[in-house]
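Engineer: These protein sequence lines map, in sequence, to chains A and B.
Here the first sequence is numbered in this note's numbering, starting from 1 and rising by one per residue.
Here the second sequence is numbered in this note's numbering, starting from 1001 and rising by one per residue.
FYI, nobody ran anything at the bench for these hints, they're computed from the structure.
Quantities reported herein were computed from a predicted structural model and do not represent experimental measurements.
Backbone N, C-alpha and C fix where the C-beta goes; we use that ideal spot for every residue, glycine too.
One should not assume that every hint holds.
[Unchecked claim] Below, computed lysine-lysine pairings styled on DSBU-like, alpha-carbon distance capped at 30 angstroms:
hint, chain 1, residue 1, chain 2, residue 2
1, B, Lys1157, A, Lys301
2, B, Lys1451, A, Lys302
3, B, Lys1408, A, Lys291
4, A, Lys194, B, Lys1408
5, B, Lys1616, A, Lys101
6, A, Lys19, A, Lys101
[Stated by the list, open to error] Quick list of the computed label-pair ranges, beta carbon to beta carbon:
hint, chain 1, residue 1, chain 2, residue 2, range
7, B, Ser1576, A, Asn272, 40 to 46 angstroms
8, B, Leu1537, A, Lys301, 39 to 45 angstroms
9, A, Asp299, B, Asn1316, 52 to 58 angstroms
10, A, Glu79, B, Leu1754, 57 to 63 angstroms
11, B, Ser1576, A, Cys271, 31 to 37 angstroms
12, B, Glu1730, A, Glu92, 58 to 64 angstroms
13, A, Asn272, B, Lys1408, 54 to 60 angstroms
14, A, Arg334, B, Glu1627, 28 to 34 angstroms
15, B, Pro1649, A, Arg117, 41 to 47 angstroms
[To be verified] Some chain B residues flagged as far from chain A (calculated, every beta-carbon gap over 12 angstroms):
hint, residue
16, Gly1360
17, Ala1376
18, Leu1527
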Amino acid sequence: MLLSELNDIKEKLIKEIEKSSNLKELNDVRINAFGKSGVITTVSKNMREVEPTERPKFGAMINEVRKTIEERLGKKTEEFEKEELNKRLKEEQIDITEPSKGLEIGAFHPITNVIDRLTDICVDMGFSVVEGPEIESDYYNFEAMNIPKNHPSRDMQDTFFITDEILLRSQTSAVQAREMEKRKPPFKIVCPGKTYRNDSDATHSPIFHQLEGLVVDENISMADLKSMLTILMKRLYGEETMIRFRPSFFPFTEPSIEVDVSCPNCHGKGCNICKGSGMLELLGAGVVNPKVLEISGIDSKKYRGFAFGFGLDRTAMILDSISNIKSLYKNDIRFLEQMR
Amino acid sequence: MKISYNWLKEFVNITMQPEDVAKRLTSAGMEVEEIIYQNEHLHDVVVGKILKIEKHPQADKLVVCQVDIGREITQIITAATNVFEGAVVPVSLPGADLVNGIKIQKSKLRGIESNGMFCSGEELGIDENYFDGAGVNGILILPNDMKIGENIDKALKLDDIVFDINITPNRADCMSVVGIAREVCALYGLDMKKINLSYDIDVYAKDTVRDYVNVNVTTPNCMRYMASAITNVKIEKSPLWMRARLNAVGIKPINTLVDITNYVLIEMGQPLHAFDEELIGGKQINVRQAKIGEKIEVLNHNTYNLDESIMVIADNQKPMVIAGVIGGTNSCINDNTKTCILESAIFDLKSIRITSRKIGVRTDSSARYSKGVNVANAEMGMLRALHLISKLKCGKIVRGLIDIASQKNETREITVSVKLINDILGLQISDKDMLKILNNLSIETTLMGDKMVCKIPPYREDLENDYDIAEEIIRLYGYDAYDNVNYELFKNSSVTEGHHHPRLLMERSFRNALVEHGFFENISYTLVPSDMADKLLLNDIRKNLIRIANPISDDISCMRTSMAHSMLSNIAYNISVGNRDIKIFECGRVYLTNTLPLTELPTEKNMIAIATLENKFDFYCMKGIIELLLDKTSLQYTIERSTQPFLHPGISADIIAEGKVIGSFGQIHPIVAKNYDLHDNVFYAEIDDDYLASLPAKKIEAKEISKYPIVERDLAVVVDENVTAKEMLETIKSSCGKLFYKVNIFDIYRNKNLGENKKSIAFNVKLSDMNKTLTDEEVNKVIQKILKSFEYKYGAVLR
């Protein structure tokens, strides 16, 4: 056998590799070359017939051919595999617009959402979250809040009574005196919870939610109230939010104010949510009436406080664009699933 | 409260626009909720005179009128039958937009042009009480002396502007024209005009008020009682100016004397009462508490039984008036009254509130008395009434006034600190500004260093201390002072550490887990119907429903004692609107008491409740949810068959900790399901949140894990139905000893071929050793041990 023959074998195999059009044909070439009776196998076997002096040269040549063919085969295989993968990936394309499967999640109620957000902000500002009874004594709901029996300011609320002395709290302010009795100033508390009033129409629910805040310390002023509420409202409704004070009356604060918040929808320009005024009446607040401090045993010469209370139903309605207060208590899944 | 702008002008020199006044009042705490323009629907309506009336050539029922409207003669066609040549009538011209919605334009009626319409009283928004002829069914015929062409709002004094003001309970002194006038003066720095309180008496007459009436006050609830007598009473229609003012604020004009009492009530905030002197038995007025058994028929034609809590004005025989609330029919002025006794009194606000609530009558008088009328006001009211009586010439005022007062209300002095006021407000308002504001409020103030000495007028009973004065100052200084306050929060006070409420935090983690597993959070009314306990078959403390004394309706009349009511109602509601696959939960309270009626506050227990109505959801799914939640706590618990009356006894469990039931879950009892219009496949769970919150926080202690691989074996055995999964799992665990890692049940199978009351349970047992890889031999030994125990204990057979 001549070296040139060996070269021919190589050239022929290379041609066959190049000619093959799929993995199977390529495999045929491989068998044809390296199989039991493949050309290269045969040539290797026939080494004995080569002149001993020629053998090393010949052996080297065979190795070279083997290596080249294997490389070529490898390269071509890779090409075909890549081609095949590409083809498969193309074929396996799905309709990505078909609906998703599994992992149905529920949703929080919009009111607890608001409670979570507000209490988080208040805790950051040094307030502790407290709770109080909903079935409350006349004393804590009214008398300790500077609203004696048969006082004109009782007209401000329609209260649900259970007995002459026990009622459903008409305001979360009922926790103020309870906390003042329990704590020593300085303290800051907030109390979220249910409140009740004998009032039911398109814009009133007999059961609703309030968040009460109370700070008692030395040197507290109305300006602290302004700063605190500004931060709270900015964090709730966005950085551009501003608040404004208006005079009001509550027996347990003096001076008393209503706090208007710039409408988070139109930022004060006027829209249907704020009925064109650009502002929303959101909470009542004021400096704690010194009589209220004294009733609960806090020295009003030394300490001052401020208090605020606001309706969480309305806050939730504004944040989530809810138009009807009653839908908050129907628990209709069609409503709740929008809260996801 | 409605306040007439024209009336205000009587006491203040108002040159400002009403809208500006309204804005200033609102900014000072007198919220003007509405400005009502009385003539809103009276533009393009003028006084006209019908010059000539001719028949309409095409229509029998119409006439063609030539009408003088001042600037021109115009032609108007009408069907009205009460018009005549020379009649002065209101004429609405093209452009008019009447109160009943009629808009006037030029038109042709049967081919003839008509340039307007004659108006009835009703079309102008007035009635016979207001103006003679306004009540007739036809055109309002006006007096001949009216100025032709004048706008009708001017001609009929319907050009007032009315503020509807929300007066806060602390400012009873503002429940009058005079009160609001004082505020307007303070706001604009104006002086109040003098109120005319003068009246004529016949100086030659010998009689005095004592000749007509005597007054005896025996109750402390009457702080002042004034009486005067008017003889030769002449009752007529009041003049138009008076009727106009009363009409503007919604009070029906009746006659001079009645109108004067109402006028003084609105103007001065002083309720008055007029008696017919002849009907006062023994010429004696006794102001006293009523006696049990006494009765009175009052002006609303109801008769009330009285008792000692009710104060009355009585003569020697009978109660004549429920004091401060409503007069009786037996003694009030009437068309035959010759002599009138006029009362101006001050009653205790609490007494009037109690009476008004007790008999369920609220009048303009009781509304004022129950907010508090100042003692000094009685005299002002009396004198003003006498002035008006004198002015309208409706009687001869007898010399002398009876005035019995147990309380004198005088100017008080309080001392406040400029610095403290600024500290309260967090502002720097100068003492000069403070002085000016207080003096404008008629609080005569002098400055002594940091101190201000304030003379508080009698009607400002609400002002007692620095805080009250701070409010007066800031509401007049203007709250916009805060618009630009950018104050460092709590800069002069302490830093405090904020804490979340531990139970609320725990609930939050429960809520998160449930929402992630597809549950929707509910908030339900805690007020429930009175049949709640029956519907849930409750037979323990939860039967004691706490009832509201004044509920809106039975549906929301009691406090819930079980969350199950809310959850089942919510599922039923969702089904009714077509929702399917309902998974809901709520964190809420139940209200429990041992004794009814309540003598002390009940227990309010915080619960978390879960309910589902979903295909393929079963007891074990609910069990999984419960485990998911309880795993977040350090609770050590067992489960036992439940005794909850509203759960299916075979398919429910109680969660037991420290021997107490702290929760339950399972399928709804078929009867309860029916009571709520539900099918049986509703699952419910509840857990006592307060108990869980009382536990120490869960502490995680990680154990070393083996470096060597886990070996697992599956084994399925057939056992009797009554062998529980729990005991078999425990057997496996103890048989594995130290090699135990985990065991799961992956299949439970029931088939007749297994035999009667048999089930096949398949376990996946995982073993592990800390120190080596387990050999087959070691594993098989453990499995054999398990199977032997199974066979010995339960007669279990390997499948």
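Engineer: So, for every hint listed, does it hold in this structure?
Structural biologist: These are the hints, each one checked on the structure:
Only pairs whose Cα atoms come within 30 angstroms are accepted, and B:Lys1157 paired with A:Lys301 is rejected, the gap being roughly 56 angstroms. Only pairs whose Cα atoms come within 30 angstroms are accepted, and B:Lys1451 paired with A:Lys302 is accepted, the gap being roughly 19 angstroms. With a C-alpha separation of about 25 angstroms, the suggested pair B:Lys1408 and A:Lys291 falls inside the 30 angstroms cut-off, and the hint holds. Using a Cα cut-off of 30 angstroms, the hinted pair A:Lys194 and B:Lys1408 is violated, with the two alpha carbons roughly 45 angstroms apart.
Restraint check for B:Lys1616 and A:Lys101: satisfied, since their Cα atoms lie roughly 17 angstroms apart, inside the 30 angstroms limit. Using a Cα cut-off of 30 angstroms, the hinted pair A:Lys19 and A:Lys101 is violated, with the two alpha carbons roughly 47 angstroms apart. Checking the proposed 40 to 46 angstroms range against B:Ser1576 and A:Asn272 shows it is violated: the Cβ atoms sit about 31 angstroms from each other. At about 59 angstroms, the CB distance of B:Leu1537 to A:Lys301 disagrees with the hint of 39 to 45 angstroms.
Our hint of 52 to 58 angstroms for A:Asp299 and B:Asn1316 holds, since their Cβ atoms are close to 55 angstroms apart. With their beta carbons about 59 angstroms apart, A:Glu79 and B:Leu1754 fall inside the hinted range of 57 to 63 angstroms. Remark: the range hint 31 to 37 angstroms for B:Ser1576 to A:Cys271 is upheld by a beta-carbon distance near 35 angstroms. A beta carbon spacing of about 49 angstroms between B:Glu1730 and A:Glu92 contradicts the range 58 to 64 angstroms that was offered as a hint.
The beta-carbon spacing between A:Asn272 and B:Lys1408, approximately 55 angstroms, falls within the hinted interval of 54 to 60 angstroms. Look at A:Arg334 against B:Glu1627: about 30 angstroms separates their beta carbons, and that is inside 28 to 34 angstroms. Separated by about 43 angstroms at the C-beta atoms, B:Pro1649 and A:Arg117 satisfy the suggested range of 41 to 47 angstroms. A cut-off of 12 angstroms between C-beta atoms confirms that B:Gly1360 is not in contact with chain A; the least separation is 15 angstroms.
For B:Ala1376, the condition that its CB be more than 12 angstroms from all CB atoms of chain A holds, with the nearest at approximately 19 angstroms. With a cut of 12 angstroms on Cβ distances, B:Leu1527 falls inside the contact zone with chain A, its closest approach being about 6 angstroms.
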